[in-house]
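**Student:** Our numbering applies: residue 4 is where the sequence shown begins, and numbers increase by one.
Treat the hints with care, since some could be wrong.
[Said to hold, decoys possible] So the derived label-pair ranges between C-beta atoms look like this:
| no. | residue 1 | residue 2 | range |
| --- | --- | --- | --- |
| 1 | S301 | D106 | 47 to 55 Å |
| 2 | Q74 | D106 | 17 to 25 Å |
| 3 | G302 | K207 | 17 to 25 Å |
| 4 | V9 | A143 | 30 to 38 Å |
| 5 | R92 | Y321 | 29 to 37 Å |
| 6 | D134 | V96 | 20 to 28 Å |
| 7 | K207 | C345 | 27 to 35 Å |
| 8 | K37 | P293 | 50 to 58 Å |
| 9 | D256 | G337 | 30 to 38 Å |
| 10 | T171 | C345 | 30 to 38 Å |
| 11 | K207 | Q74 | 29 to 37 Å |
| 12 | K70 | L157 | 23 to 31 Å |
| 13 | Q217 | D256 | 25 to 33 Å |
[As the list claims (entries may be wrong)] DSSO-like mimics (lysine-lysine), calculated; alpha carbons at most 27 Å apart, straight line:
| no. | residue 1 | residue 2 |
| --- | --- | --- |
| 14 | K37 | K70 |
| 15 | K77 | K133 |
| 16 | K154 | K249 |
| 17 | K207 | K139 |
| 18 | K284 | K300 |
| 19 | K251 | K90 |
| 20 | K90 | K139 |
| 21 | K70 | K123 |
| 22 | K249 | K133 |
| 23 | K227 | K251 |
| 24 | K90 | K70 |
| 25 | K133 | K251 |
| 26 | K90 | K35 |
| 27 | K123 | K133 |
| 28 | K133 | K90 |
| 29 | K154 | K133 |
| 30 | K251 | K223 |
| 31 | K284 | K133 |
| 32 | K154 | K209 |
| 33 | K284 | K251 |
| 34 | K90 | K211 |
| 35 | K284 | K322 |
| 36 | K77 | K123 |
| 37 | K249 | K223 |
| 38 | K227 | K207 |
| 39 | K35 | K77 |
| 40 | K154 | K70 |
These aren't lab readings, by the way, just hints derived from the structure by calculation. Using N, Cα and C, we set each Cβ at its ideal position, and we do this for glycine too.
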Amino acid sequence: MSPAGVRTADDQAHAARTMWNLLHTWWRMMPKEKRTLGHADAAIRQAREDIDFLAVLPAQAAQAVLKTYFQAWKNCWEGRADAPNFKARFRTVMSVDIPQGRDLNIVRVHRRWGMVNIPKAGRVRFRWTKDLPVGKRANAENRITGARLIKDTLGWHIAFRVQTLEVTPEPHQGPDVGIDVGVTVPIALSDGETYEHGEWLAGKEKAKLLRLEQRAAQRKRHRKPRERTSGRLHRTYDQIAGLRAKAKRRALDWQHRTTTTIARTYGTVVVEALTITNMVKSARGTIEAPGRNVARKSGLNRSISGEAWGRTVTMLVYKTARHGGTLVKAPAPGTSLRCSVCGVTTPGSRESQAVFVCKNPDCGWSGNADHNAARNVLHLYRMGLALIPAAGRAVVRRAKRVKPAAAR
4 MSPAGVRTAD DQAHAARTMW NLLHTWWRMM PKEKRTLGHA DAAIRQARED
54 IDFLAVLPAQ AAQAVLKTYF QAWKNCWEGR ADAPNFKARF RTVMSVDIPQ
104 GRDLNIVRVH RRWGMVNIPK AGRVRFRWTK DLPVGKRANA ENRITGARLI
154 KDTLGWHIAF RVQTLEVTPE PHQGPDVGID VGVTVPIALS DGETYEHGEW
204 LAGKEKAKLL RLEQRAAQRK RHRKPRERTS GRLHRTYDQI AGLRAKAKRR
254 ALDWQHRTTT TIARTYGTVV VEALTITNMV KSARGTIEAP GRNVARKSGL
304 NRSISGEAWG RTVTMLVYKT ARHGGTLVKA PAPGTSLRCS VCGVTTPGSR
354 ESQAVFVCKN PDCGWSGNAD HNAARNVLHL YRMGLALIPA AGRAVVRRAK
404 RVKPAAAR
């Protein structure tokens with residue numbers, strides 16, 4: 004995207020965020036009987052006439068903001084999400100919706116590149132990473148219905164909405180497998196297979212990140228209270244965010260490839276029902292009762308968060324369903340301490356991170372600790388002790404009697 008196109012996309016994203024905030028203010032001011040789609044549409048049209056910079060946002064994109072806002076309240080009323088709130092300038096993902104697919108006019112010009120029409124920004128080149136139903140491939144059952152521009156640390160990206168007819172997959176006939184996740188060995192399977200990865204950043208990139216973090220801390224330390232952040236510090240923050248975004252992209256790529264391989268190979272995938280938020284709690288304690296090994300626990304928390312076990316499970320949920328398989332969650336307590344051969348939990352059997360030696364005099368089996376835990380996870384499923392099949396991200400439903408007053 005050219006510099007002019009980037010500025011146009013930035014202006015449209017800020018206008019869309021402002022439109023959302025104006026809608027939220029209007030919603031809170033209006034009585035219940037006037038909180039309708041028609042009244043909100045009239046308010047948006049009046050705002051586009053009264054506020055000049057809102058005109059940079061296409062009318063269709065403004066309507067998309069309105070529909071998204073009403074859908075957010077509907078999700079809140081039905082207990083799927085919290086109530087919508089104001090979108091802050093620096094904590095909100097910048098995005099612009101293109102609701103009409105016919106306005107995109109997508110053309111593939113190269114094996115790796117395509118061209119798309121962005122309203123008020125013109126023709127823009129994008130990286131062709133997946134086959135799209137354009138030209139002769141498009142029909143009533145397989146077509147592009149819209150797109151969304153999203154900005155992250157590495158720049159602007161476009162995500163296309165594709166309407167397609169998916170055939171219900173046949174039941175997967177592959178074997179069952181248990182999975183144990185960890186820090187040293189990210190994914191260990193009950194059949195002995197392991198999936199590991201290296202550092203997400205190379206040596207020079209890690210050194211650069213450390214240098215930038217030290218520079219940012221030094222400049223922040225010399226800043227006076229309530230003094231505005233300098234342009235140099237902002238640029239340093241941008242460089243830090245760019246390196247971290249690069250590491251996250253590499254982690255996502257590894258997770259996608261690994262989970263796709265597992266979903267294609269196995270019919271039933273059994274994972275541990277981990278409460279990750281409790282696992283990464285700080286050990287700092289209080290002044291009266293200070294914690295122990297705080298620095299070591301902090302390092303472990305960073306490693307757990309870096310592996311993103313929850314994201315791995317989320318990917319496995321929809322990928323196993325797409326290939327006709329099933330993902331099941333099993334209780335986590337005791338899976339790493341029990342011997343998968345004799346079924347006895349003996350203190351001291353887990354000698355190290357990688358070695359498990361059963362202390363039961365009648366057994367004495369030894370092997371890899373991660374594979375032993377994965378076999379225990381699979382054993383819980385086969386014994387009927389696993390939880391219900393996972394249907395996606397858990398949602399805490401709110402009782403009807405405690406709906407927010409502003410949403411009524």
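**Student:** Hint by hint, note whether the structure agrees.
**Tutor:** Checked hints:
Between S301 and D106 the CB atoms are about 49 Å apart, so this pair conforms to the stated range of 47 to 55 Å. For Q74 and D106, the hinted distance range of 17 to 25 Å is satisfied, since their beta carbons lie about 22 Å from each other. For the hinted restraint 17 to 25 Å between G302 and K207, the CB-CB distance of approximately 23 Å keeps it satisfied. The hinted window of 30 to 38 Å between V9 and A143 holds, with their beta carbons roughly 35 Å apart.
At roughly 33 Å, the beta carbons of R92 and Y321 sit within the given window of 29 to 37 Å. The hinted window of 20 to 28 Å between D134 and V96 holds, with their beta carbons roughly 27 Å apart. Taking the beta carbon of each, K207 and C345 are about 49 Å apart, not inside 27 to 35 Å as hinted. For the pair K37 and P293, the supplied restraint of 50 to 58 Å holds, since their beta-carbon distance comes to about 55 Å.
The hinted window of 30 to 38 Å between D256 and G337 holds, with their beta carbons roughly 34 Å apart. One distance hint, 30 to 38 Å for the beta-carbon pair T171 and C345, is violated here, with the actual separation near 42 Å. Roughly 45 Å separates the CB atoms of K207 and Q74, a value that falls outside the hinted 29 to 37 Å. Checked against the given bound of 23 to 31 Å, the beta carbons of K70 and L157, roughly 28 Å apart, stay inside it.
For Q217 and D256, the Cβ-Cβ distance of about 29 Å falls inside the hinted range of 25 to 33 Å, so the restraint holds. Simply put, K37 and K70 have alpha-carbon atoms about 16 Å apart, close enough for the 27 Å limit, and the pair holds. Between K77 and K133 the alpha-carbon distance is near 33 Å, which puts this suggested pair outside the 27 Å criterion. Note on K154 and K249: the hinted pairing holds, with a Cα-Cα distance of about 14 Å set against a maximum of 27 Å.
Between the alpha carbons of K207 and K139 the distance comes to roughly 47 Å, so the proposed pair goes past 27 Å and is violated. A C-alpha spacing of about 9 Å is found between K284 and K300, which places the hinted pair at or below 27 Å, so the restraint holds. A distance of roughly 24 Å separates the Cα atoms of K251 and K90; the hinted pair therefore holds under the 27 Å criterion. For the hint linking K90 to K139, the alpha-carbon distance of about 41 Å lies beyond 27 Å, and the restraint is violated.
For the suggested pair K70 and K123, the alpha carbons sit about 21 Å apart, so the restraint of at most 27 Å is met. Taken as a hint, the K249 and K133 pair is honoured in the structure, with Cα atoms around 20 Å apart against an allowance of 27 Å. With a C-alpha separation of about 33 Å, the suggested pairing of K227 with K251 is violated against the 27 Å cut-off. At most 27 Å may separate the alpha-carbon atoms for a hinted pair to count; K90 and K70 meet this at roughly 16 Å.
With a C-alpha separation of about 20 Å, the suggested pairing of K133 with K251 holds against the 27 Å cut-off. Annotation: proposed proximity of K90 to K35 holds, straight-line Cα distance about 23 Å (limit 27 Å). Annotation: proposed proximity of K123 to K133 holds, straight-line Cα distance about 25 Å (limit 27 Å). Between K133 and K90, the direct Cα distance comes to roughly 32 Å. Violation of the 27 Å bound is thereby established for this hinted pair.
Taking the CA atoms of K154 and K133, the gap is near 19 Å; set against the 27 Å cutoff, the hint holds. As the CA atoms of K251 and K223 are separated by approximately 25 Å, the hinted pair is consistent with the 27 Å bound. About 39 Å separates the Cα atoms of K284 and K133, which puts this hinted pair outside 27 Å; it is violated. Our distance criterion of 27 Å between C-alpha atoms is met by K154 and K209, whose separation comes to about 24 Å.
With a CA separation close to 22 Å, the supplied pair K284 and K251 stays within the 27 Å bound. Proposed proximity of K90 and K211 is contradicted: the alpha carbons are some 32 Å apart, above 27 Å. Among the hinted pairs, K284 with K322 is inconsistent with the structure: their alpha-carbon atoms are about 30 Å apart, more than 27 Å. Restraint check: the Cα-Cα separation between K77 and K123 comes to about 31 Å, which exceeds 27 Å; the hinted pair is violated.
Annotation: proposed proximity of K249 to K223 holds, straight-line Cα distance about 24 Å (limit 27 Å). For the hint pairing K227 with K207, the CA-to-CA distance comes to about 32 Å; that exceeds 27 Å, so the pair is violated. For the proposed pair K35 and K77, the alpha carbon gap of about 15 Å is at most 27 Å, so the pair holds. A C-alpha spacing of about 21 Å is found between K154 and K70, which places the hinted pair at or below 27 Å, so the restraint holds.
Hint violations for this structure: numbers 7, 10, 11, 15, 17, 20, 23, 28, 31, 34, 35, 36 and 38, all remaining hints satisfied.
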